[in-house]
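K.L.:
Residue numbers (my numbering), protein chains in the order written: chain D, 385 to 524; chain S, 385 to 524; chain X, 385 to 524.
In short, the hints are calculated from the structure, not lab data. Do not take every clue at face value.
Unchecked claim - What follows is a set of in silico ranges between Cβ atoms, one per label pair, in the way DEER data are often shown: (1) X/Met393 - D/Leu524: 43 to 49 Å; (2) X/Gly493 - D/Leu524: 22 to 28 Å; (3) D/Leu524 - X/Met392: 27 to 33 Å; (4) D/Glu413 - X/Glu406: 33 to 39 Å; (5) S/Glu411 - X/Val409: 33 to 39 Å; (6) X/Ser410 - D/Glu391: 22 to 28 Å; (7) X/Tyr467 - D/Glu391: 37 to 43 Å; (8) X/Glu458 - S/Pro395: 22 to 28 Å; (9) D/Tyr462 - X/Gly469: 21 to 27 Å; (10) X/Gly493 - S/Leu386: 20 to 26 Å; (11) S/Pro442 - X/Ser494: 39 to 45 Å; (12) D/Pro457 - X/Glu458: 18 to 24 Å.
Beta carbons are placed, not taken as given, at the ideal position from N, Cα and C, and that holds for glycine.
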Amino acid sequence: MLMFQKEMMLPPYKRGLHLITELIVSEFEELKRIEVGMAQIFIKHTSASLTINENADPTVRSDFEKHLNVMVPENAPYFIHTYEGLDDMPAHIKASLMGSSVIIPVSKGSFNLGIWQGIYLCEHRNKAAGRHLIISAWGL
Amino acid sequence: MLMFQKEMMLPPYKRGLHLITELIVSEFEELKRIEVGMAQIFIKHTSASLTINENADPTVRSDFEKHLNVMVPENAPYFIHTYEGLDDMPAHIKASLMGSSVIIPVSKGSFNLGIWQGIYLCEHRNKAAGRHLIISAWGL
Amino acid sequence: MLMFQKEMMLPPYKRGLHLITELIVSEFEELKRIEVGMAQIFIKHTSASLTINENADPTVRSDFEKHLNVMVPENAPYFIHTYEGLDDMPAHIKASLMGSSVIIPVSKGSFNLGIWQGIYLCEHRNKAAGRHLIISAWGL
């Protein structure tokens, strides 16, 4: 079995959802050596998250961000954990709704995604530094 | 290590949540060869999703669908990505809330699920063709 | 390849979100033998779930529980599956929003989590017995 794992750093992104498929692929040369296997992208943070969604139309990402802000509003009167601002606690909740990792089948050295699928970084904070990822792959 | 991976096609389902455990198992003969390992079911779409939930009472699936439609309503005035209908953008959001894959431990050649657990296809579009899945398993 | 898998039982927890990282680590001696790999924690239930979130401030967990109860309220007039109480159907929905497993990279024999990340048990029922988990790890 082959097993690859390494850390990579994303540049800072503004609050919202961002397509990062190409960035991941360009850092993940080792994928090419896997004929059949799996890959995971994991984010080492609790106020940003990863998901798979539509890769073509930027309004999907902006509509999605608008709706996340309705589902998890900043002005909820019961939030106590607001030490770092009104976006603090909502960011934690959104992070778990989306998830801390995506796991993608690997076929013939590439992510085997649907033609409309891409990897999103979901940045839930108003102001964040670059985010640390761990990219792992295993297979034959 | 054993590593199996193949694509399969689900028949079209109507909008809502559907129990597909038996369908997956019947297509996944290779599972029987894994004594201890893992399996992933991955959906190659961004307007349908997969989750694990209760496998016995159909009202769980219908109540769940009703509540998803409240959490992500079709008439949100801020949705721009509605080119394919009012169900378009909500389908993308619901897909990420549920997730694009489920990952299940495999023991003695079978999914090691709790007795009440089953695999759901969550079809978020009013009208969709059959959905493409990738089923993968690895282990000893 | 190394592949470990075993079942473990959590003690009963009250409704809410609970940090269980140390409990998992203490049961998972086999992790130390993996230099580079992956681990999954899977919950065999449909009314409790697992997620990764902030590991330091208990108000994150209590704020999170409060907001889950707003996103998935108990008094929704359209819920039919309430046989076991008003918390029954909401528990199923919350379980899928959070997810039935977390998957964490393993490096040098330990979970490679961010410094603020921990594993949460999300107990969605008012009264539940201990929960069954399957902990799996694979790698080199």
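K.L.:
Each hint needs a verdict: does it hold in this structure or not?
P.N.:
Against the structure, the hints:
In this structure, methionine 393 of chain X and leucine 524 of chain D break the distance hint of 43 to 49 Å, their C-beta atoms being roughly 35 Å apart. Separation of glycine 493 of chain X from leucine 524 of chain D is about 25 Å and conforms to the stated range, judged on CB atoms against 22 to 28 Å. In this structure the hint that leucine 524 of chain D and methionine 392 of chain X lie 27 to 33 Å apart at CB holds, the actual value being about 30 Å. Hint check: glutamate 413 of chain D to glutamate 406 of chain X, Cβ distance near 36 Å, so the stated range 33 to 39 Å holds.
For glutamate 411 of chain S paired with valine 409 of chain X, a C-beta distance near 37 Å keeps the hint of 33 to 39 Å intact. About 26 Å separates the C-beta atoms of serine 410 of chain X and glutamate 391 of chain D, a value consistent with the hinted range of 22 to 28 Å. At roughly 47 Å, the beta carbons of tyrosine 467 of chain X and glutamate 391 of chain D sit outside the given window of 37 to 43 Å. At roughly 35 Å, the beta-carbon separation of glutamate 458 of chain X and proline 395 of chain S lies outside the given 22 to 28 Å, and the hint is violated.
At roughly 23 Å, the beta carbons of tyrosine 462 of chain D and glycine 469 of chain X sit within the given window of 21 to 27 Å. Take glycine 493 of chain X and leucine 386 of chain S: their Cβ atoms lie about 25 Å apart, and the range 20 to 26 Å holds. A beta carbon spacing of about 43 Å between proline 442 of chain S and serine 494 of chain X agrees with the range 39 to 45 Å that was offered as a hint. The hint said 18 to 24 Å for the Cβ distance between proline 457 of chain D and glutamate 458 of chain X, and at roughly 20 Å that hint holds.
When held up to the earlier numbered hints, the structure conflicts with 1, 7, 8 and fits the remainder.
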